[in-house]
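Here the structure of chain P is known, so what remains is to put chains A, Z, S, V, G, B and W in place on it, guided by the hints.
8 protein chains.
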Amino acid sequence: MQPSVAVIMGSASDRDVVAPAVAVLDEFGVARQWRVLSAHRTPDATATFVRQAEAEGVRVFLCAAGGAAHLPGVVAALTVRPVIGLPVRGASLGGLDSLLSIVQMPPGVPVATVGVDAARNAGLLAVAILALGDEELDARLRQFRARQAERVLSSGQDLEHPATGGARG
Amino acid sequence: MQPSVAVIMGSASDRDVVAPAVAVLDEFGVARQWRVLSAHRTPDATATFVRQAEAEGVRVFLCAAGGAAHLPGVVAALTVRPVIGLPVRGASLGGLDSLLSIVQMPPGVPVATVGVDAARNAGLLAVAILALGDEELDARLRQFRARQAERVLSSGQDLEHPATGGARG
Amino acid sequence: MQPSVAVIMGSASDRDVVAPAVAVLDEFGVARQWRVLSAHRTPDATATFVRQAEAEGVRVFLCAAGGAAHLPGVVAALTVRPVIGLPVRGASLGGLDSLLSIVQMPPGVPVATVGVDAARNAGLLAVAILALGDEELDARLRQFRARQAERVLSSGQDLEHPATGGARG
Amino acid sequence: MQPSVAVIMGSASDRDVVAPAVAVLDEFGVARQWRVLSAHRTPDATATFVRQAEAEGVRVFLCAAGGAAHLPGVVAALTVRPVIGLPVRGASLGGLDSLLSIVQMPPGVPVATVGVDAARNAGLLAVAILALGDEELDARLRQFRARQAERVLSSGQDLEHPATGGARG
Amino acid sequence: MQPSVAVIMGSASDRDVVAPAVAVLDEFGVARQWRVLSAHRTPDATATFVRQAEAEGVRVFLCAAGGAAHLPGVVAALTVRPVIGLPVRGASLGGLDSLLSIVQMPPGVPVATVGVDAARNAGLLAVAILALGDEELDARLRQFRARQAERVLSSGQDLEHPATGGARG
Amino acid sequence: MQPSVAVIMGSASDRDVVAPAVAVLDEFGVARQWRVLSAHRTPDATATFVRQAEAEGVRVFLCAAGGAAHLPGVVAALTVRPVIGLPVRGASLGGLDSLLSIVQMPPGVPVATVGVDAARNAGLLAVAILALGDEELDARLRQFRARQAERVLSSGQDLEHPATGGARG
Amino acid sequence: MQPSVAVIMGSASDRDVVAPAVAVLDEFGVARQWRVLSAHRTPDATATFVRQAEAEGVRVFLCAAGGAAHLPGVVAALTVRPVIGLPVRGASLGGLDSLLSIVQMPPGVPVATVGVDAARNAGLLAVAILALGDEELDARLRQFRARQAERVLSSGQDLEHPATGGARG
Amino acid sequence: MQPSVAVIMGSASDRDVVAPAVAVLDEFGVARQWRVLSAHRTPDATATFVRQAEAEGVRVFLCAAGGAAHLPGVVAALTVRPVIGLPVRGASLGGLDSLLSIVQMPPGVPVATVGVDAARNAGLLAVAILALGDEELDARLRQFRARQAERVLSSGQDLEHPATGGARG
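Chains as they are written, first to last, in this note's numbering: chain P, 7 to 175; chain A, 7 to 175; chain Z, 7 to 175; chain S, 7 to 175; chain V, 7 to 175; chain G, 7 to 175; chain B, 7 to 175; chain W, 7 to 175.
So here's chain P without its partners, still in its complex pose (with noise of 0.2 Å):
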């Protein structure tokens, strides 16, 4: 089966980080193909690959990258494809470098980003997106949604325990 989604990132350091999106996109059976590639290490290959996975029938990126984070828009800069820009945090200055980086392209390019480190939110959006066009897909984001509400209603029910919460006076 074609990838509909390519996710690439920066460097091979960044896979922990990444792994999610990877993981969310497989929970949705969304077919993906992942890569290390660099905008600025491996220019040449990264353009190479990207044209080639648009004719293929790629059709959503996910980039993630860090510090000064190029890869995003070098890849938004060379498809017409929906492009989601993954900002990961560096050791220095809290992840803010490649925030910016990525989320503040120029008029004429957009990026589409997501939170710092948030590789699960990217994996949704790309799903989000693929969803418009595949109705089994938009069911089971809906049925996603609605088992992440139950979860976060009773990840509550520990606190109403007597030790620990719940109404009291």
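Everything labelled a hint here was simulated from the structure, so no lab data went into it.
Wrong hints could be hidden among the right ones.
[As the list claims (entries may be wrong)] Facing chain P, according to a computed beta carbon distance under 10 Å, are these residues of chain Z, among others:
id, residue
1, G16
2, S17
3, A18
4, P26
5, R41
6, S44
7, R47
8, T48
9, A97
10, G100
11, L102
Ideal placement from N, C-alpha and C gives every residue a C-beta, glycine not left out.
Showing chains A, Z, S, V, G, B and W alone in chain P's frame:
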């Protein structure tokens, strides 16, 4: 024709900032509507509108807000459709408040965030998402990109003018 | 006894950060309840709870959230009761994101914001508000302040110990 | 009539920023007084005023200051009444200095902080606190919220005008 | 001997951060005392101490505090003596909150601010101020500077070791 | 008369920002000189001046600079006299760059930093330091503080005017 | 004459900010060219230009961009020649976004970054690099530095004028 | 062999952060020396070293410093050679202080700044500058870039392993 995109802003005072997003949608021939709805001042009207809009076929929500900019996240909580968040700069803090209030969403409910006051990019992101299922729109987006590249390149012609720039030495 | 304060947190993972707020309320004998409700993952349950809680006599809402921390603002949109917002620090950005997401509310719907992770102060602010209409609570608050001053002053006694501090020369 | 709210600002130059807070109190018929008192330039007058004001029945203190904005915290140290802190933006640092100087209070002495230059919200927060013990004020606050919602919704009517906005396509 | 410097910290928990300031004063033979006094939790004891200390001959106040760090400014409001402010880093915001809360004082009441957690420099600044009127102290400060320069230069000797650094090529 | 204070600024363009510091010294009758000397563009002239000034009896250096504001630190490296650092706000970054460049000095060489553009406070800090060894100056400083308190209190009189403020209700 | 420096800006709207860099190169007689090329809107033209420019003898690239400023990094990925990055301040965030987007490059591909809007310094850095292999340019740079020092020193003459500054007392 | 690069750090405690810069120079066979010299604690030794080093043929200065990081700027004031500034992250403020203290140099004296703790890039920038006049070094730099690209691409191979990543669907 049914609107494909609902543009919502938290305050009528944001209208001029948001207008380029609407202009982009119009340029691309994307049916849209725009509304002033406040996550905080009209929570019920917001919920009613979002749910009805989704039911009636809105495919992308584009939400602009400033300060503690909750509107995009609140809308994202009410729909499974992709929500684009447009941070609006206020008088203080340079727009950092609205950017962080929009992009740093908790796991489970993503918002596709664009740059501060980047209304044009918000509109283009909506177009890119819709173009996945609309060949004509896809073609227009490719033409737009090509024309945009030409405009950038021609904008540099003046620099070459002897009096102001160009190769010298 | 009817709870006077509803403590709501956006995620069960914030429980340890929020616990000191609940502990303060218990120390002062203020009836309270606490719940996990997410502005984004359980918007309907949040609205239902807040409106019912206000109807049943809750006088102050104390809401804790991190990241794009919308919970306090969303609750404030649903009630005229005072809402105390407690920003919770996440892994990135040092809590600046949650602080700005809570404090920078638009005109018309204020949130009484305390410091990042300042759960104890959130609880004390609720006590101070309730003490306006409760003489016994007012007296307890005055005693608390007096004891607190004594504790600060006595905590400096060790500094005077020859080995570690005190006047020298 | 005894003032219920004391509005204090650190410098007469902040008067225009603070005025909307006073205007809100007047709109709601809340008795108030306002004073210029500086935590740093008039520490004794500040202490004298706060203690006397509390003794004479002031129920809420609303304190505005910029820069290293100590006034709200200094007042909070002198009274058990709720203190609302209003950060005023200065020429540099976009108001971040006054916001952090007010909101990041140490454990034991909270300040209920509103947004930078958010005088109107400071006034509304005072109203919400006082409305807990005043049914008439509570009713006025509910009416205010309802009218506010109407104003937001009607402010969007113009957008629907063919020339400028509304559904198209 | 009368203390020349009063070292005041807002919380006993800041003791380890402040200790190097006291150590510097002891190294230089400057008589000093140190106290825990909180601008917010013990406002009266703070005022009493500062006024009495000034009356008894304290010439420099060195005040350490974190978060909304008001102590240095509050002390500066109570004395005409030079006040040195030492910002202490808290768990969130990297010390920016305490730095801004101390340094951005309003016109009329300055605080001589040093770097975040820079207790040693706070002590040295007190020494430099006192040395203006004390030739022996002035001589000791010059010796300290000379020894410090030697230590820096000799600390680089290891780099020259073949295995780890030095000139190569 | 020998100058007691040397006021140095990194660029003649900072003159208007620095002028209030000089004005304060003149008001207090403190002998001073001011110079334009750049840590980066005139390093030798800076070193020569500072060493000669110290030798000739300058007791306090007051140094203003913007951007990567090295002047105060560079001067502090050349003298044991107290150095007051005055951060000047530039067009970008709101003065945060100059503030951090001045205040975050390494251990061993402190700079007494005041707020961004806070020239008046820089002058007053110099006065407070010099007043330690000058009873007349000390008296003038106390008078200044008293007059300042009066000015603040009287500045609030207008607020009490029926049309604009004061107690109502 | 072959250009030694290629000045590239991401948008023609940055022309006035970039012009001082070109002016410096002209003052020093360094052959240069300047172009508008966007990393995002004209990725192919950018790559073609950079590779051809390097082949034709360009020795230093000077790249200016604002917002998510990728141009310097993208150029650095395409050439081994030194790339100077000039961050341009946008309407929001005070230039912090462009600074971080340029300076925080990943390991392996450096960009020599200068200050926000510091076009003159960008030009001077290019001159300093080229002067390493050009004795005449080296001599001119030394003359420039000497004249610059004189200008700074003479700019302070006015201060000495009795009416406005100079030694007094 | 004469060193081409002088690596200077402000404190021996920065040695581990700086070491990768020296390692890069060694990998490329660039003759270098490294020294501990403090702009603030050893201003004279710094000036003597820089001027002598330039006279003896050092072509690039690479300076690392943290906090109010003046070393690179101070060195740049003493030489016309290119100066590379390496900001070192301290315990507070995430390195923003050292970055701004280095990059925001005043007009006339640039510093070529790299990212926070980006020692490897500082070394590579020195190599790129020196390679302009050294064909062998230029060749080595091109080989390095090619090998680096290969390493990035091969680092992504593991992702393709069925258990952990790769195309699926």
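Status of the hints after comparison with the structure:
Taken as an interface hint, G16(Z) checks out: its beta carbon lies about 9 Å from the nearest beta carbon of chain P, inside 10 Å. Annotation: S17(Z) was flagged as interfacial toward chain P, and the flag holds, the nearest CB pair being 7 Å apart, inside 10 Å. For A18(Z), the suggested interface contact is upheld, since its CB lies about 4 Å from the closest CB of chain P, less than 10 Å. Taking 10 Å as the C-beta cut-off, the interface hint given for P26(Z) is violated, the closest approach to chain P being about 13 Å.
Given hint, R41(Z) at the interface with chain P, holds; its Cβ is 5 Å from that chain's nearest Cβ, closer than 10 Å. At a threshold of 10 Å, the smallest CB-CB gap from S44(Z) to chain P is about 5 Å, leaving the interface hint in force. Interface restraint check: R47(Z) against chain P, minimum CB-CB distance 5 Å, threshold 10 Å, status holds. Checking T48(Z) against chain P: minimum C-beta separation of about 5 Å stays under 10 Å; hint holds.
A least Cβ separation of about 7 Å between A97(Z) and chain P falls short of the 10 Å threshold, and the interface hint therefore holds. Look at G100(Z): its Cβ gets to within about 6 Å of chain P, closer than 10 Å, so that hint holds up. The beta carbon of L102(Z) comes within 8 Å of a beta carbon in chain P, closer than 10 Å, and the hint placing it at the interface holds.
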